[in-house]
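If you read the sequences in order, they're chains A and B.
So that you can map any letter, position 23 of the first sequence is 22 in numbering that gives the first Met the number 0, and since no number is skipped, the others follow by simple counting.
So that you can map any letter, position 7 of the second sequence is 6 in numbering that gives the first Met the number 0, and since no number is skipped, the others follow by simple counting.
Simulated from the structure, these hints should not be mistaken for lab results.
Do not take every clue at face value.
Within a straight-line C-alpha distance of at most 30 Å, the following computed DSSO-like cross-link-like pairs (lysine-lysine) qualify [said to hold, decoys possible]: (1) B:K79 x A:K92; (2) A:K16 x A:K93; (3) A:K199 x B:K79; (4) A:K51 x B:K136; (5) A:K16 x A:K94; (6) A:K146 x A:K92; (7) B:K49 x A:K180; (8) B:K136 x A:K92; (9) B:K79 x B:K141; (10) A:K146 x A:K51; (11) A:K51 x A:K93; (12) A:K180 x A:K146; (13) A:K199 x A:K93; (14) A:K180 x A:K92; (15) B:K79 x A:K16; (16) B:K136 x B:K70; (17) A:K16 x A:K51; (18) A:K92 x A:K51; (19) B:K70 x B:K141; (20) A:K51 x A:K94; (21) B:K141 x A:K146; (22) A:K16 x B:K141; (23) A:K16 x B:K49; (24) A:K94 x A:K199; (25) B:K79 x A:K180; (26) A:K16 x A:K92; (27) B:K136 x A:K94; (28) A:K180 x A:K199.
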Amino acid sequence: MNITFGDNLSDRRLVEKVLSGNASAFGEIITNTERLVAQIVFKMVNNAEDRKDLSQDIYLGAFRNLSQFRFQSKLSTWIGRIAYNTCLNYLEKKKFVLPGNLQIENNSGEGNHGITNNPGADYSGYIAELKLFEKERFEIVRAEIEKLPPIYRTLITLYHNEELTYEEIRQITTLPEGTVKNYLFRARKVLKDGLLRQYKKDEI
Amino acid sequence: MKTEHLTDSEIQIYSLSQADIEPRITEHISTCESCRAKAGAYRQLFLEIKELRAPAFDFNLSDLVLARLSKEKSPVWETKTLVYLTIFGILALLAFPAYLYREYLLLLFTGISAMFLYLTGITALVIFIFQSIEVYKQYQRKSDALNSF
């Protein structure tokens, strides 16, 4: 578990304040954890109105269950877990198909790049191209991430954007660590292939 | 040939700069232009994701939540108050008749041997302790279940 002493002390102080009846201290908890919650909610829910309702439900749920928090993880991780479960319940109610598998192209599977003639040239060109158009490339990456199923989007964001550890992601999603790694591997590969495809399309 | 190149997961591990990279992977990357380029593409991708601006709500979440919370008191405070009131109520219910009929209550214990009184008292105490332990264990189990949510 990745808990720093400072974080734990600060969490404990804030939780004790809220539990003793100081509801405004909960505002500080919201401020401290809002970014992570937004990352999860935005990656899993597309509708803006639903995001507004869900984000409030997440924190109301956290407030009502705060006395059950045992400091076995960071407070932000615990609230992230509530956010993830709330969004997951929402997706299930909306009958969204949750991903089991993410299609990975056969021609570039394990052990075979699928690019055998002068293989390095494609990627080197791609990297050079991406470095040239910074603004566009962010939009392309963002668009490619949006194409992923919600859980993959969330995992990619938590690991690469929020820089959480596998253990923290496991605590938030309750997925086994092996599954987290496997999903991340698939998502990265799909993203990389998608970006390469995009580059090739633009080149034509 | 398939075996000439690293697998995609090996290249990802290399690109993530993880501590447990096998020497053969590093060695292969240093000599294979294809794998090196692919690792470069991954690193570029990771860098771009890292630099993506985090989304933010276009409303003041803290204000909205606190406004809703102001309508409901702290559940812990309510629970504690309820527990204290219940205990006080039970004690009052027991104490009032006990005070009123104290003389008759004392008569109940006269004419009974001290040994019998001690045995009854100790038995009741032991049962009470075991019941308390069981109740506490149940509370812990429920608490752990809630906390694992």
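Comparing the hints with the structure gives:
1. B:K79 x A:K92: violated, 35 Å
2. A:K16 x A:K93: violated, 37 Å
3. A:K199 x B:K79: Not OK: K199 of chain A and K79 of chain B at ~65 Å, beyond 30 Å, violated.
4. A:K51 x B:K136: violated, 39 Å
5. A:K16 x A:K94: violated, 39 Å
6. A:K146 x A:K92: The hint holds at about 21 Å.
7. B:K49 x A:K180: This hinted pair holds, its Cα atoms lying about 18 Å apart.
8. B:K136 x A:K92: violated, 35 Å
9. B:K79 x B:K141: Distance of about 18 Å is within 30 Å: holds.
10. A:K146 x A:K51: It holds: about 22 Å lies between the C-alpha atoms, which stays within 30 Å.
11. A:K51 x A:K93: OK: K51 of chain A and K93 of chain A at ~16 Å, within 30 Å.
12. A:K180 x A:K146: holds, 19 Å
13. A:K199 x A:K93: violated, 36 Å
14. A:K180 x A:K92: Distance of about 27 Å is within 30 Å: holds.
15. B:K79 x A:K16: holds, 15 Å
16. B:K136 x B:K70: Roughly 34 Å between the alpha carbons, so the hint for K136 of chain B and K70 of chain B is violated.
17. A:K16 x A:K51: holds, 26 Å
18. A:K92 x A:K51: holds, 17 Å
19. B:K70 x B:K141: holds, 28 Å
20. A:K51 x A:K94: Distance ~20 Å between K51 of chain A and K94 of chain A Cα, so the pair holds.
21. B:K141 x A:K146: Between K141 of chain B and K146 of chain A the Cα gap is close to 40 Å, so the pair fails against 30 Å, i.e. violated.
22. A:K16 x B:K141: holds, 24 Å
23. A:K16 x B:K49: Distance ~34 Å between K16 of chain A and K49 of chain B Cα, so the pair is violated.
24. A:K94 x A:K199: violated, 35 Å
25. B:K79 x A:K180: violated, 44 Å
26. A:K16 x A:K92: Between K16 of chain A and K92 of chain A the Cα gap is close to 35 Å, so the pair fails against 30 Å, i.e. violated.
27. B:K136 x A:K94: violated, 39 Å
28. A:K180 x A:K199: Measuring from Cα to Cα gives roughly 28 Å; hence the hint holds.
Hint violations for this structure: numbers 1, 2, 3, 4, 5, 8, 13, 16, 21, 23, 24, 25, 26, 27, all remaining hints satisfied.
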